[in-house]
Amino acid sequence: GEDVEQSLFLSVREGDSSVINCTYTDSSSTYLYWYKQEPGAGLQLLTYIFSNMDMKQDQRLTVLLNKKDKHLSLRIADTQTGDSAIYFCAYKGTSYDKVIFGPGTSLSVIP
Amino acid sequence: SAVISQKPSRDICQRGTSLTIQCQVDSQVTMMFWYRQQPGQSLTLIATANQGSEATYESGFVIDKFPISRPNLTFSTLTVSNMSPEDSSIYLCSVVGTGTYEQYFGPGTRLTVT
Chain Y
854 GEDVEQSLFL
864 SVREGDSSVI
874 NCTYTDSSST
884 YLYWYKQEPG
894 AGLQLLTYIF
904 SNMDMKQDQR
914 LTVLLNKKDK
924 HLSLRIADTQ
934 TGDSAIYFCA
944 YKGTSYDKVI
954 FGPGTSLSVI
964 P
Chain C
5 SAVISQKPSR
15 DICQRGTSLT
25 IQCQVDSQVT
35 MMFWYRQQPG
45 QSLTLIATAN
55 QGSEATYESG
65 FVIDKFPISR
75 PNLTFSTLTV
85 SNMSPEDSSI
95 YLCSVVGTGT
105 YEQYFGPGTR
115 LTVT
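Quick note, the sequences are listed as chains Y and C, same order. Under the numbering used here, think of the first position of the first sequence as 854, with each following residue one higher. Under the numbering used here, think of the first position of the second sequence as 5, with each following residue one higher.
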């Protein structure tokens, strides 16, 4: 199957950490991505992780992958108002496969 | 990262007409894709644009409705034919860089059909 699930909404206070969760069903996924979409804008590739990794850190972003449970998370440290956006979890099987997207999580940051 | 531009950025079209969207990449890329994002929804893949051959369409999308061209490794077009209000969406071009796993998206074309 190609299902990807995410919570639709998340609200955090400025300065707190945000954790956006994603579960997927396709065990053949090799590359897992997080994209950010601000209102009226295109998709920005935030980070990605290979399925043979458990964790990847990039400045304020930490990606955790539990392949056994097919669970991916994105942690944003010290969340800022500029982080308010929709965050899409996505995956593909090989570099030539299509990218399958989750429904997106709308993150609202309260000043 | 690849820099992708799309034209037009937005358009308002009448029912029954067609619109061609252009996608230009600043470097040669292996894979090019066209996605649709309906209002408030996630992204759905329309087709993979193949250089020098017919595009590969996903279930629910057909060539007569969404003809695609890809004459070279940096350029592709998507036509939305015989439009209806249900075609009102954002259409996004996407590429995978040669030798990478990173998939990038263009800024999108916001189409409104009246």
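Just so you know, these hints were derived from the structure itself, not from any lab. A couple of the hints might just be wrong.
[Said to hold, decoys possible] Straight-line distance between alpha carbons at most 25 angstroms, and here's what the computed BS3-like set of lysine-lysine pairs gives:
| # | chain 1 | residue 1 | chain 2 | residue 2 |
| --- | --- | --- | --- | --- |
| 1 | Y | K921 | Y | K951 |
| 2 | Y | K909 | Y | K951 |
| 3 | Y | K909 | Y | K923 |
| 4 | Y | K909 | Y | K921 |
| 5 | C | K11 | Y | K951 |
| 6 | Y | K921 | C | K69 |
[What the hints assert, rightly or not] A short list of chain Y residues far from chain C (calculated; beta carbon distances all over 10 angstroms):
| # | residue |
| --- | --- |
| 7 | L863 |
| 8 | Q912 |
| 9 | D931 |
[Claimed, not checked] Just so you have them, the derived chain C footprint on chain Y, three or more residues with Cβ under 8 angstroms:
| # | stretch |
| --- | --- |
| 10 | 920 to 929 |
| 11 | 954 to 960 |
Glycine is no exception: its CB is placed at the ideal position from the N, C-alpha and C atoms.
If you draw a straight line from the CA of K909(Y) to the CA of K951(Y), is it 25 angstroms or shorter? holds (23 angstroms)
Holds or violated: K909(Y) with K923(Y), Cα cutoff 25 angstroms? Holds, at roughly 16 angstroms.
Pair hint K921(Y) and K69(C), alpha-carbon separation not exceeding 25 angstroms: Judged against 25 angstroms, a Cα distance of about 41 angstroms means the pair is violated.
Grab the minimum beta-carbon distance between Q912(Y) and chain C and tell me whether it stays above 10 angstroms. holds (16 angstroms)
Quick one, are K11(C) and K951(Y) close enough, alpha carbons at most 25 angstroms? holds (23 angstroms)
Is the claim that L863(Y) lies outside the interface with chain C correct, judged by CB distances over 10 angstroms? holds (16 angstroms)
Using C-beta distances, would you say chain C covers the stretch 954 to 960 of chain Y, given that this needs three or more residues below 8 angstroms? holds (count 4)
Is K909(Y) close enough to K921(Y), meaning Cα to Cα at most 25 angstroms? holds (17 angstroms)
Beyond 10 angstroms from each Cβ of chain C, as asserted for D931(Y): holds (25 angstroms)
Between the stretch 920 to 929 of chain Y and chain C, see if three or more residues pass the 8 angstroms beta-carbon test, and mark the coverage as holds or violated. violated (count 0)
Given pair status - K951(Y), K921(Y), alpha carbons within 25 angstroms: The given pair, whose Cα atoms are some 22 angstroms apart, holds under the 25 angstroms limit.
Checked against the numbered hints given earlier, the structure breaks hints 6 and 10 and satisfies all the rest.
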